[in-house]
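Chains as they are written, first to last, in numbering that gives the first Met the number 0: chain V, 0 to 460; chain H, 0 to 150; chain P, 0 to 704.
Since the hints were made in silico from the structure, they are not lab data. All C-beta atoms, glycine included, are put in the ideal place defined by N, C-alpha and C. Do not rely on the hints blindly, as some may be mistaken.
A few chain P positions that, by computed beta-carbon distances, are all more than 12 Å from chain V [said to hold, decoys possible]:
id, residue
1, GLN28
2, PHE86
3, PRO121
4, ALA161
5, GLY165
6, ASP328
7, PRO332
8, PRO419
9, VAL423
10, SER437
11, GLU480
12, GLU578
13, PRO612
14, ALA699
Here are some of the chain V residues that sit facing chain H, going by a computed Cβ distance under 8 Å [unchecked claim]:
id, residue
15, VAL14
16, LEU18
17, VAL19
18, GLY26
19, LEU29
20, GLN38
21, PRO42
22, THR73
23, GLN76
24, ILE77
25, ILE81
26, VAL366
27, PRO369
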Amino acid sequence: MLSRTRHPGRNTEAVLLALVITVLALGLALTSVGLQLRQDLHPLAGLPGLVPPVALVAALLAGAHFLLRLRRRTMEQILLPIVSLLFALGLIAIYRVRGAEGVWQQLLRGFVPGMGILMLFIWRPQVVETMRRWTLPLSLIGLALPIATAFFGVVDETGARLSLRLGPLPPIQTSDIIKIALIFFLAWYIEREGREATGRARIVLGGLRLPAVRHLLPGGMFVVLGTLALVQMRDYGAVLILTILFAGMLYAGFETRVFATVGLLGLGLALLAGAVLSVTWEVPIVIRYRFIAFVDPWSDAPLLLDGEPTGITVAEGPGYQIQQSIYATIAGGLTGTGLGLGTPSYVPLAHSDFIFAVVLEEMGAVVGLPALFLFAVVMLRLLRLAAVLPRVQEFERLVLVGIGIHLFVQVFVMVGGTLNLLPLTGVTIPFMSLGGAALIVNLAEIGIALGLAARLEEARR
Amino acid sequence: MDLFSIHTLLFAFKWVFVGLIYLALIVVVITVRREMGLRLGAGRPLPGSAPGKLIVLDPGGAPGVLAGSAIPLRSENSLGAEQDNDIVLEDSFVSGHHARLRWDGAEWWLEDLGSQNGTFVNQRQCRPYKPEPVPPGAALRLGEMQFELAE
Amino acid sequence: MRLSGRLWMLGNVFTLAMVLLSGRVVYWQLVRGDELRPVTPSLAAAQAYIRILEGETAEQQLMAEYLAGRSPFEALPQPVIQRTQDFLARIERGAIFDRNGRVLAAGEAGAGGDTVRWYSEPSLSPVLGYLSGLGMGIAGLELTFNDDLLGLTRLDAQFAQATGSGFAGSDLVLTIDSQVQRAAAEALQGRAGAAVVLDAHTGAILAMVSSPHVDSNRMQDTAYLAELAEGCGEGTACEGIFVNRATGGLFIPGSTFKTVTLIAALDTGQVSEATVFNFGQQRSGPDGPYYVYEVDGAEIPDPNHAEAQLSLELSYAKSANAAFARIGDEMPPEVLIDYAARLGFDPGPGQVLPLEFPYTQSRLVGDPEAIRVNNWLRAVTAMGQGELQTNPLTMAIVVLAVLNGGDLPLPYLVQTVLGPDGEVVREHEPQVRTGLFSEETARLVEGMMIAVVEQGSGRNIQLEGITAGGKTGTGQVGPGELPHAWFIGFAEQGDRSVVIAVIVENAGEGHDVAAPIFATLADVAIRQLGKPVAEVVAFEQETIEAEAPGPPPADIPYNPERGNILTTSGICASGDDAEGSGMWVWPVNPEHRSIVGGEFEPIHPGVDLGAPPGAPVYAANSGQVIYSGWSSVGYGNTVIIAHGNGYTSLYAHLSQIGVACGEHVTAGETIGLAGDTGNVFGPHLHFEVRVPSGYMDPLAVLPPE
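Put together the whole structure using the sequences plus the hints.
Put into structure tokens, the structure is as follows:
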């Protein structure tokens, strides 16, 4: 051997995971003491109840870590710790606003199954290969589920159908599944058809290149059907994610001129659809007022329902949650109010959509900004992994890109909404928000990334 | 007073909490920096599958090297005068660690490692530490030695 | 190549987006933070919002809004209100004491925006202001010293705030003397008017009254506010109830202003002790004979004396209008403007006195140019009419400067700011404006003021052993209305010296109406100054003997503002069938029967018995336990026992509770152990005896020791 092969093991990951578990335990403990003090109860009384959840998280993380060690993997040591750190921050915030009940819900409905899937991908990286072979049926199921939900789903208190009950299982939020289905479908489709579509594209309007209709149709159909299902479910946040995912993956997968052509075509179609809709379809009141609330959360414009005044203003309605999260951000300041010592419960949906406001209020910008940094690191790691994969593995590369875009859209849209940088859209923040299906999907995505890293490493040996 | 001290303790531990997060952050940053020494695009090579060799056009001042001889390439090759290089070039105008040549699975990349006399691809000097793609058949010059990159 | 370049672009987009989000956090916290700050400790925006409500018009408008069902705070976003209240709920607002340590205001704003703050001296309402949560906001010293009362000026409180713990605000010790204050309030007899009493050496304000005024204790009582609003339309007698007339009123000063003219004339050498005024021919009119001073063809009548010729001293003592009109006429306008400004009338930018409480600047004239060109206006201004407007505080400041040889110790109200452990946070630092006029002028004016009392318009002031001086004033307000009666002056005995300014509105002549008030206040104030300051004046409570059957009237009635959470929540048994033994026994062993700290008084309607932790606590009478457990209002572990006939007894701060709710107990039975739970500074047993209408003095109920 002329080149020395170092075998660094996974010590970095071990150190980081130990840190994460310490952070989780300390954060939960501080929150518990703070909450107890506020209620004039014994400060330490809440601590014993925290041992089981922390132990469970530690066991699962250690399980994943030793599984990786067992398989003698050395690549990609920071992805899992970062994700678990973000999860830990989210769990502390959930404990703050929802108590132990929320913690257990997050662990049992999201983290445990999610980590199970993640470990499956680590243990058997070939599963990705299998999924590639079975992409079409799998993604059709992923498409069918939301469509079924749109018509047969469980109606929640706001009138939206977001989850589907299948037999004895707890209801699942199917809009999370369609996103991963779309990622796989597009990756598979672009790999299969992309080169050919580009090669046979007709030249239109000077430089633009239009692929043949038969190359475009299946992908377009998938997206349109999914979008319609989500609109029917009134999950407009998911529509947004789907659209950006679609555009982003086309961008990553197609040659520039083809992408530009398809993009322009899509834009034209969307405008056409918008023009038709603006006449025939009234913009849902939710969207309209969310936009007003985005422009001015303190607006005292009256809120109308079916043209009738409801007696409340935008500031008291859709602007209220934005105001609350802005004030939470300011109240937190640089260093935060201290765990358990702020008043984040004032923020509506503090446990799910607005969890970042809780982090900013009680832990301050000093933790909130690093969390954003860590999100960026996760996304860039996914892109980097895609970049170092051999070019022939186009499917895998595109899946990684899709996962990266998916995480990005979720973080940007929801944190942007929380901070009034973007109109508010109800999506969850990956790894942090309380939400079963979303967390499982996000963890599975990380599992896929780790699995692909493992495949790459196997190939290099 | 008891309450006060507990709050003080909480305050102190809050900073321990923040400190631990930053410790993790520092480890992450260090790891990323170490691993991201490679730019995107300059992917890690797949061992054993590097399709190419260097054909010596001009041995320069290197003793015992014949023009026309071929040097087999691995996916990653360091070139220089020092003995720890993969390919040792004992020309007096070649720096200790002169350049690096690597295969990313699709094409060859040449990176000048800040050499004294520069590295040239097709008579054009490479910028130090900036990997450049090298098309097959290109002429390379390091010091007084000249090579052709053959498939 | 294709994918790699795209990945690079995507990576840039991701990074840029995260940077944007981070920038947004920074934007809210740094750029918009101050604007939206009320959620954080400084409360600056909330205070600024409240401040614009100052002044009577605004306050009446505020009241109208409040009565219309709208809180002025509703303009603040709901999140701000919530977070401000949460912040305030963590703070135990400081109390306000008078100079003798008597409680003037105590308690704090409740979490729901209601207040349980309680004010013991109604006549101080205009000075202390009020704290009414979300109803009418906050006013007076409560507002001016809000940061101190919340403790925010203390480092330890700021640290406690940072650590998220609750903390106590600072207490204010005022210079007010309750006895003088009460005397002043009584002297006004409910008439519209105001008075201030100051310590002449330091400028400390001993009393400040303004009547009529709102009742600070009732600022949350909608019925009371409605009543006020009804009786207080435009032009009615109760105008100005929100204004502290002593500092914020604007009245015509009448002849008291001659003091200012005299100071200016003497100090510039325009007149001297030897100056004599001839008044010419006396004329007779329907109200008696009078002299006349003619200026620019106009006549200024002078009915105040019979003599045709008077020295300067007697002109001042008898308030000779003609003499002062002449001084004013002959005085260079700039001199009058300058001296008036030095003494607080239309002060220039650098001349405004930096007092620690808000006050209204007095006015010399509407348009300064008029006094330069119009000799008549200057003449009438010099004798105290014209367009002058002032308040008792400004007139007291004039006298204060005379007594201090032309220097002015700035009047102040807050002597000390005390931390929760009694440590001094801030002590008043004397501030003196020097050289308002010469010492010689001051000496001469002081002598002439004494002459007013001895031989002039203030002759009816009779004070034994006290040297008094002053100036009467009668401010003409218009035809058909009685003039404002003024008296400003000082009283000295040994090294004690006070300055007093009194106005009674629309009441008549100064020497008839205001001078007797001055005399009363001078007497009380000089006596009070002689008492040592540390003496604590206890509330005077009359003990009314209980008459069976039926519950007796309470020694201290329930204060509706304080609320009484214990009797409304957590009561587990009615106690209706409870029967007392007819004999009260002490709830603690004989060695623990000393009173520690809290005595029986309105803000502490029980006694604190010095029982160490673990000492047994006995039922003071037979009965049924109707409350047993933790109390959220600071009592800690608490037991309440009903004894029949409406009596209940309460045992607070217990370390252990030994009886269950509903249990019947006999007198002397052990019900728990003493401790230090709840809001306490140390272990003791807080013991209360309650009747339906309020609290009984436990020491009067229990057998003599």
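The hints, checked one at a time:
1. GLN28: violated, 6 Å
2. PHE86: Check fails; 9 Å does not lie beyond 12 Å.
3. PRO121: Non-interface label on PRO121/P holds, nearest chain V Cβ at 35 Å vs cutoff 12 Å.
4. ALA161: ALA161/P is in fact no farther than 12 Å from some Cβ atom of chain V, at 8 Å.
5. GLY165: Violated: least Cβ distance 9 Å, not greater than 12 Å.
6. ASP328: holds, 60 Å
7. PRO332: Holds: least Cβ distance 53 Å, greater than 12 Å.
8. PRO419: holds, 19 Å
9. VAL423: It holds; VAL423/P is separated from chain V by about 30 Å at its closest Cβ, greater than 12 Å.
10. SER437: Holds, because the least Cβ-Cβ distance between SER437/P and chain V comes to about 56 Å, which exceeds 12 Å.
11. GLU480: holds, 47 Å
12. GLU578: Check passes; 35 Å lies beyond 12 Å.
13. PRO612: Holds: least Cβ distance 18 Å, greater than 12 Å.
14. ALA699: Given a closest Cβ separation of 34 Å, the condition holds.
15. VAL14: holds, 6 Å
16. LEU18: Hint on LEU18/V: holds, closest Cβ of chain H at ~5 Å, below 8 Å.
17. VAL19: Constraint on VAL19/V satisfied, holds at 7 Å.
18. GLY26: Constraint on GLY26/V satisfied, holds at 6 Å.
19. LEU29: Because about 6 Å separates LEU29/V from the closest Cβ in chain H, which is inside the 8 Å limit, the hint holds.
20. GLN38: violated, 13 Å
21. PRO42: At 6 Å from the nearest chain H Cβ, PRO42/V passes the 8 Å test, so the hint holds.
22. THR73: violated, 11 Å
23. GLN76: GLN76/V check passes; min Cβ-Cβ to chain H is 7 Å, inside 8 Å.
24. ILE77: holds, 5 Å
25. ILE81: holds, 6 Å
26. VAL366: For VAL366/V, the interface hint holds, since the closest Cβ of chain H sits about 6 Å away, which is under 8 Å.
27. PRO369: holds, 5 Å
Violated hints for the displayed structure, listed by number in ascending order: 1, 2, 4, 5, 20 and 22.
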